[in-house]
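*Asks:* What follows is each chain in one-letter form.
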Amino acid sequence: MANIQQLEDLTTQVRRDILRMVHKVNSGHPGGSLGCAEFFVSLYNVIMDRHDNFEMDGIGEDIFFLSNGHISPVYYSVLARSGYFSVDELNTFRLIDSRLQGHPTTHEGLPGIRIASGSLGQGMSVALGAAQAKKLNNDSHLVYSLHGDGELQEGQNWEAIMYAAGNNVDNIIATIDLNGQQIDGSTDQVLPLGNVKAKFEAFGWTVVEINEGNNIEAILNGMAEAKSKTGQGKPICVLLKTVMGNGVDFMMHTHAWHGKAPNDEQLAIGLAQNPETLGDY
Amino acid sequence: MKTYINTGSKDTRSGFGAGLTELGKTNENVVALCADLIGSLKMDEFKANHPERFFQVGIAEANMIGLAAGMTIGGKIPFTGTFANFSTGRVYDQIRQSVAYSGKNVKICASHAGLTLGEDGATHQILEDIGLMKMLPGMVVINPCDFNQTKAATIAIADHDGPVYLRFGRPKVANFTPENQTFEIGKAVHLIEGTDVTIVATGHLVWEALEAAKELNEKGISAEVINIHTIKPLDKKAILDSVGKTGCIVTAEEHNYLGGLGESVARVLATNKPTPQEFVATNDTFGESGTPAQLMEKYGLNADAIVKATERVIKRK
Numbered sequence: 000m001a002n003i004q005q006l007e008d009l010t011t012q013v014r015r016d017i018l019r020m021v022h023k024v025n026s027g028h029p030g031g032s033l034g035c036a037e038f039f040v041s042l043y044n045v046i047m048d049r050h051d052n053f054e055m056d057g058i059g060e061d062i063f064f065l066s067n068g069h070i071s072p073v074y075y076s077v078l079a080r081s082g083y084f085s086v087d088e089l090n091t092f093r094l095i096d097s098r099l100q101g102h103p104t105t106h107e108g109l110p111g112i113r114i115a116s117g118s119l120g121q122g123m124s125v126a127l128g129a130a131q132a133k134k135l136n137n138d139s140h141l142v143y144s145l146h147g148d149g150e151l152q153e154g155q156n157w158e159a160i161m162y163a164a165g166n167n168v169d170n171i172i173a174t175i176d177l178n179g180q181q182i183d184g185s186t187d188q189v190l191p192l193g194n195v196k197a198k199f200e201a202f203g204w205t206v207v208e209i210n211e212g213n214n215i216e217a218i219l220n221g222m223a224e225a226k227s228k229t230g231q232g233k234p235i236c237v238l239l240k241t242v243m244g245n246g247v248d249f250m251m252h253t254h255a256w257h258g259k260a261p262n263d264e265q266l267a268i269g270l271a272q273n274p275e276t277l278g279d280y
Numbered sequence: 000m001k002t003y004i005n006t007g008s009k010d011t012r013s014g015f016g017a018g019l020t021e022l023g024k025t026n027e028n029v030v031a032l033c034a035d036l037i038g039s040l041k042m043d044e045f046k047a048n049h050p051e052r053f054f055q056v057g058i059a060e061a062n063m064i065g066l067a068a069g070m071t072i073g074g075k076i077p078f079t080g081t082f083a084n085f086s087t088g089r090v091y092d093q094i095r096q097s098v099a100y101s102g103k104n105v106k107i108c109a110s111h112a113g114l115t116l117g118e119d120g121a122t123h124q125i126l127e128d129i130g131l132m133k134m135l136p137g138m139v140v141i142n143p144c145d146f147n148q149t150k151a152a153t154i155a156i157a158d159h160d161g162p163v164y165l166r167f168g169r170p171k172v173a174n175f176t177p178e179n180q181t182f183e184i185g186k187a188v189h190l191i192e193g194t195d196v197t198i199v200a201t202g203h204l205v206w207e208a209l210e211a212a213k214e215l216n217e218k219g220i221s222a223e224v225i226n227i228h229t230i231k232p233l234d235k236k237a238i239l240d241s242v243g244k245t246g247c248i249v250t251a252e253e254h255n256y257l258g259g260l261g262e263s264v265a266r267v268l269a270t271n272k273p274t275p276q277e278f279v280a281t282n283d284t285f286g287e288s289g290t291p292a293q294l295m296e297k298y299g300l301n302a303d304a305i306v307k308a309t310e311r312v313i314k315r316k
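Those protein sequence lines, which keep their order, are chains S and E.
Heads up, the first sequence is in numbering that gives the first Met the number 0, so the first residue is 0 and it goes up one at a time.
Heads up, the second sequence is in numbering that gives the first Met the number 0, so the first residue is 0 and it goes up one at a time.
Do not take every clue at face value.
Said to hold, decoys possible - Partner residues aside, some chain S positions facing chain E, computed with beta carbon under 7 Å: (1) T105; (2) L127; (3) N136; (4) E158.
Calculated directly from the structure, the hints in this document are not laboratory data.
Since the structure is predicted, the reported quantities are computational estimates derived from the model, not experimental observations.
Each residue gets a CB set at the ideal place from its N, CA and C atoms; glycine is no exception.
Assemble the whole structure, with the sequences as input and the hints as a guide.
*Replies:* As structure tokens, then:
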């Protein structure tokens, strides 16, 4: 298992990948991607028990679904740096004929992706279906998923959240990226989410809070706690408090960089704050 | 002229239920999901036989489609069951992204399609579902005509790797196709050979087309009747071969003429062999409450309407 310093170095490199990918095509979503870099690095390098080779059915391994598909830059970077495809392919992000579509898809056959996402609010249902398939297959591995906090405004989530508890789907760990921001402003300004923890608990879920969602040790500890609570009849929700735009000072704590790419000068500043560690693609 | 015998009227939804029951016994990967309509969809027997493979999702159709998409990851073959309106329009984006674009092996099984749902009225009588589903890339769209064919279609779609929309209905209708038939997706079924007009019909309108052919025969008009159970992929060759012989065509369906079978046929003809065509379909309208027979008459979807459309189209040859 990688040590904390190695994971932090990898996270720095992933941040560089994110910035360079969105800068090159002058489009994409850096804010949420940067906020979840530590989570993705921890998930793919430590938390999940996964196979090296990609098989769609994911039998006998932990599998992951990204519901808020617009943070594809962090997903693609971590998938590539986890060996699912060449890091050189990150050069093709959002370009014509690329497998790295603006939002993740199975359609172009990119290894690591099991469902299309981008139209929000659908990933929880898909993850629960996969979790129930695992039970039918007597597969004791887990299903992980990630959802935006603003995404909880989509009603389908609450259908799924009610279903999961009612059917004792206890082999899922659904993480909510609580960064408090969405396109038009803070979640409080757009449509307040209220007490998310109380809501999940009222629906019958076990909730684990990770208050330092950009601290790798805190993520590892929190996710280990979440894993320890699986198999007890209740679905598990992790509330991951992150800072949007984390690691690039002018992108932090604002919704302004939700879906905007840095210009040349801003890229240079962002890269200077995140020196190359493992080598750029 | 070849004639067909109604061996006893049955609802096509019961054909679905019978097919699902058989699949439960023969294919352990088949799972079923239902949104609080087990009795209406005739899924009771599958549920009783295989409680571990049956998922009651409650009144939450969007979640049902997502769950089904997820269950394919792990090798399951999910059959979802609810009314046609809630199987399509209500969950279009879920089907589009999580099923069709994602290429998932989900079978969307929809009962109570069209006007023949009857008294519940327009909120439940979807007449747009064929159009919605056929526009999705990769989606197969099937509308079988009777109990026996619906059962056979249900069994057949489990062997097709990819998303399928299977449409059927509520009322008891004539059951006239062979028991235990082999169902071939995309292969039209020639029911009556004829020389003056081609009538292609789908779903409940196939029996009406046979009744119309009898009446036309008495009037000295020889109608060729083809059952197009699969609207996508469409059996173009069967249509073109037939109009090559008859020179005109009537399409008949329990659906809006916009987006239905008729439009698919018109495209084939326009790009291959322009041919006079008349549409027996609803005319860009919602339905209303009434008995199935009353509604089919009022909205022009019965044998009489097919006869009149035939007489019109023959004059245009």
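*Asks:* If any of the earlier hints don't hold here, list their numbers in rising order.
*Replies:* Every hint satisfied by this model.
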